[in-house]
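Asker: The whole structure should be built from the sequences, with the hints applied where relevant.
These protein sequence lines map, in sequence, to chains W and U.
With UniProt numbering applied, the first sequence covers 1 to 483.
With UniProt numbering applied, the second sequence covers 1 to 315.
These are computed hints drawn from the structure, not numbers from a lab.
Note that this is a predicted model, so its numbers are computed, not measured.
Treat each hint with caution, since some may be false.
[Claimed, not checked] Short, incomplete list of chain W residues facing chain U, as computed with Cβ under 8 Å:
{"hint": "1", "residue": "GLU29"}
{"hint": "2", "residue": "LEU33"}
{"hint": "3", "residue": "GLU55"}
{"hint": "4", "residue": "MET291"}
[Claimed, not checked] Computed footprint of chain U on chain W; a stretch qualifies when at least three of its residues, placed anywhere within it, have a C-beta under 8 Å from a C-beta of chain U:
{"hint": "5", "stretch": "15–24"}
{"hint": "6", "stretch": "43–51"}
{"hint": "7", "stretch": "293–300"}
Ideal placement from N, C-alpha and C gives every residue a C-beta, glycine not left out.
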Amino acid sequence: MDKALADFVEMLRYSDVPVSISESVDAAETVRLFGYSDRTLLKTALAQVMAKTIEEQESFERCFDEFFSFQINPDLNPDGEIAEDADNNQEGPEKAGDSSENLAANDDSSIPNPASGGGEGGGGFSGEQSQGASTDSLIDMLERNDRTELTMAMTAAASAANLRNIVLMTQRGLYTRRILEEMGLDEANREISRRNKEGDEAGADQLSGRLELLFDSVRDMVERQLALTSSGKGKQFRQDILKNVSLSNIEQRDFKHMRDMVRRMAKRLTDMNSRVRKVKNRGHLDIRKTMRRNVAYDGILFETHWKQKHKDRPKVLAVCDVSGSVAAVARFLLLFLYSLNEVLPKVRSFAFSGDLGEITDEFDRMGPEDAIPYAIEKFGGRSTDYGRALEDFKELCLDDIDNRTTVIFLGDGRSNDADPRVDILKEIKLRAKRVIWLNPERKSIWGSGDSEMLKIAPYCTKAETCNSLNKLELILRDLLKSD
Amino acid sequence: MTFIDKDPATAIDLIKEGFETAGYICDRHIATSIYLSQKLDKPILVEGPPGVGKTELAKAASEILAAPLIRLQCYEGLDESKALYEWKYGKQLLYTQILKEKLGDLLEDAVGLEQSMEKLHQFGDNFYSESFLEARPLLQALKSEVKTVLLIDEIDKSDHEFEAYLLEILSDYQITVPEIGTIKAKTKPLVFLTSNNSREMSDALKRRCLHLYIPFPDASLERRIIQTRVPELEENLRNQLVSFVQQLRTQDLKKLPAVSETIDWARTLMLLHADKLEVDLVRNTLNMLLKFEEDIDNMHSEVPKFIAAARNERY
Numbered sequence: 001m002d003k004a005l006a007d008f009v010e011m012l013r014y015s016d017v018p019v020s021i022s023e024s025v026d027a028a029e030t031v032r033l034f035g036y037s038d039r040t041l042l043k044t045a046l047a048q049v050m051a052k053t054i055e056e057q058e059s060f061e062r063c064f065d066e067f068f069s070f071q072i073n074p075d076l077n078p079d080g081e082i083a084e085d086a087d088n089n090q091e092g093p094e095k096a097g098d099s100s101e102n103l104a105a106n107d108d109s110s111i112p113n114p115a116s117g118g119g120e121g122g123g124g125f126s127g128e129q130s131q132g133a134s135t136d137s138l139i140d141m142l143e144r145n146d147r148t149e150l151t152m153a154m155t156a157a158a159s160a161a162n163l164r165n166i167v168l169m170t171q172r173g174l175y176t177r178r179i180l181e182e183m184g185l186d187e188a189n190r191e192i193s194r195r196n197k198e199g200d201e202a203g204a205d206q207l208s209g210r211l212e213l214l215f216d217s218v219r220d221m222v223e224r225q226l227a228l229t230s231s232g233k234g235k236q237f238r239q240d241i242l243k244n245v246s247l248s249n250i251e252q253r254d255f256k257h258m259r260d261m262v263r264r265m266a267k268r269l270t271d272m273n274s275r276v277r278k279v280k281n282r283g284h285l286d287i288r289k290t291m292r293r294n295v296a297y298d299g300i301l302f303e304t305h306w307k308q309k310h311k312d313r314p315k316v317l318a319v320c321d322v323s324g325s326v327a328a329v330a331r332f333l334l335l336f337l338y339s340l341n342e343v344l345p346k347v348r349s350f351a352f353s354g355d356l357g358e359i360t361d362e363f364d365r366m367g368p369e370d371a372i373p374y375a376i377e378k379f380g381g382r383s384t385d386y387g388r389a390l391e392d393f394k395e396l397c398l399d400d401i402d403n404r405t406t407v408i409f410l411g412d413g414r415s416n417d418a419d420p421r422v423d424i425l426k427e428i429k430l431r432a433k434r435v436i437w438l439n440p441e442r443k444s445i446w447g448s449g450d451s452e453m454l455k456i457a458p459y460c461t462k463a464e465t466c467n468s469l470n471k472l473e474l475i476l477r478d479l480l481k482s483d
Numbered sequence: 001m002t003f004i005d006k007d008p009a010t011a012i013d014l015i016k017e018g019f020e021t022a023g024y025i026c027d028r029h030i031a032t033s034i035y036l037s038q039k040l041d042k043p044i045l046v047e048g049p050p051g052v053g054k055t056e057l058a059k060a061a062s063e064i065l066a067a068p069l070i071r072l073q074c075y076e077g078l079d080e081s082k083a084l085y086e087w088k089y090g091k092q093l094l095y096t097q098i099l100k101e102k103l104g105d106l107l108e109d110a111v112g113l114e115q116s117m118e119k120l121h122q123f124g125d126n127f128y129s130e131s132f133l134e135a136r137p138l139l140q141a142l143k144s145e146v147k148t149v150l151l152i153d154e155i156d157k158s159d160h161e162f163e164a165y166l167l168e169i170l171s172d173y174q175i176t177v178p179e180i181g182t183i184k185a186k187t188k189p190l191v192f193l194t195s196n197n198s199r200e201m202s203d204a205l206k207r208r209c210l211h212l213y214i215p216f217p218d219a220s221l222e223r224r225i226i227q228t229r230v231p232e233l234e235e236n237l238r239n240q241l242v243s244f245v246q247q248l249r250t251q252d253l254k255k256l257p258a259v260s261e262t263i264d265w266a267r268t269l270m271l272l273h274a275d276k277l278e279v280d281l282v283r284n285t286l287n288m289l290l291k292f293e294e295d296i297d298n299m300h301s302e303v304p305k306f307i308a309a310a311r312n313e314r315y
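Answerer: Structure representation (structure tokens):
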């Protein structure tokens, strides 16, 4: 597999297109078949080999356009802005070829030996110890305005400054500076001020003008690298953090990311667990299987086999506290509820602070952006009264609870000193398959103040702290597995 | 197959033309995936909304490759005995009966139990052998002497276990029957799997397949499809009709009209001898396009607007 394709695969992996090894082998084969000349065709073909869902297809197309446009578009050459003299035109074609190679390799740490193309100046840029030499060269190169040399030096400096590790937008300045320093910025600045002092203003202006252009092209290079690898890396980085950060600390702007993550999580959980089937020992006789089993007994039907299979379609009733005390996390709890609704066939959702009401229909009808604020507005804001909520809940759907039902409560169990009516909870527990209580508070403060968790917990199959996405997933996975 | 040795671009054009002669209008996207699947020996997982011609694709492919189509319709509860193979129990029972009768003759000169068993072991064990094996679609495709097109339709309707059975076939074109051993394909079939995405397929399955997503066609492609499928329809009406359907697809509907519905509608309009779209005519035949009462009610008032737009469109 060639370097460009390997880089592309890596970029895809960072951009939510998980390319497996066998798929990259296929991709290499496809590239061998099609070649790089016809981009549209190659894009179509590679998309089918590497992107396996519609979402992946979208990211794939974006990545493909980004990645390959850099290689073919000579306008984006880092030295494009510096080179203004016509002399360079004649060596254009040859150069375009080799700088596109440079670009493909530009996030690689080992640049194909700069000395060979960059001439005597190239060697000087690999380290700071040779400051003197490199400064001379930078000034020389700027004086000569030599495209090739400058490009080589820039690429070398970029790899010395570890440009490929750039992750965040905010690091742009830092990396630009580092690369320029690596190339000998200080010396060049000193030279400019020296010329100014000596009255050679034209010389100083020329040099600083060219330095300015160099600065622009270095910044371009940094931005391109950022676009190439970081958008994916940055996203992954952010997701890793979001998974572990406490739900109450997640900010509004991350809501969208959370939504994707929660949905993916809920989907994964249900994919793993939704279609559990058990073969039952009654129902219709399965003639084929019975005959097959009894062939060994000379066709006498000793062992019977039954057709009936038990489909486990979990029924979930989820109740979410949206009152002031859990305001910070309510949105995420609701978001989780919403995603559960999307992936499980039978979820009924309820929200309460004072009164309790069903929000299943709203969740079905509206998108999460509308449904969640709606639920908070309609039911939130009042002071919590778990007793009342449980009474309402009992009235609404106690009869629907049977031994296949899972009841999930999401709330902090702070009832403002009102009776939490654990007797109703007890009744629910007796009927339901299980009752899960997920509390965003740490266990150590359960029971402090108006928290009724210590009274509530005994009537739950499981009462757990749940304050980050990772926790949420772990708890639910455990639960779904345990039956 | 004539296209296999050509360079990719030519081959893909040839495939496209081939499909067109078979009455299936496709874009380069689809042709590319047929080419790739031939070159890489990979099955194609075809996804897309219902009615865009996923199953038709397999049928057309079987036609242009002159390869018989073997179709397996998936449903919940489909198991290996219906998809892969089954033993012929009746025959097996008869076999044991015959064996019992013949046993006396065969073991005539054996002395003692031990010798009889020894003798018995010398006979070939036919009880589980290929002659008692009833081939179901997947096995049929593997055992076929000529190249076949294997269509595994609506794979998303099947169970997880069934998906797992498929993996061996999809990656190595072979299946393993525990009693016999591994049966390898004589000629590798061209495999299509179609899915409406009612559930996500496992990564293992997706990794083994090329992924082809067929969206709703754009206007010009849809016009060509109608032209091929309902050639009697007048050009003017065809343009209006396609434009109308395209507008409908931009609406918020429970089920968007697919190509198959457009074709049905075109046929209906032809039967009714329509020469242009009229408000009443469209309202009365809207049920050909929309399959939910709610959608029909919602679109009732929009019909005149869409017709006007369809008439004014330039081609």
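Asker: Hint by hint, say whether it matches the structure.
Answerer: Hints and how they fare:
Taken as an interface hint, W/GLU29 checks out: its beta carbon lies about 6 Å from the nearest beta carbon of chain U, inside 8 Å. This hint holds: W/LEU33 has a C-beta 6 Å from the nearest C-beta of chain U, less than the 8 Å allowed. With a least beta-carbon distance of about 11 Å to chain U, the hint placing W/GLU55 at the interface is violated under the 8 Å criterion. Using the Cβ-Cβ criterion of 8 Å, the hint placing W/MET291 at the interface with chain U is satisfied: the shortest such distance is roughly 5 Å.
Given as covered by chain U, the stretch 15–24 of chain W passes the check, having 4 residues with a CB less than 8 Å from a CB of that chain where 3 are the minimum. Remark: the stretch 43–51 of chain W is confirmed as covered by chain U, as 6 of its residues place a Cβ nearer than 8 Å to a Cβ of that chain, reaching the required three. Look at the stretch 293–300 of chain W against chain U: 3 of its residues bring a Cβ nearer than 8 Å to a Cβ of that chain, three or more, so the hint holds.
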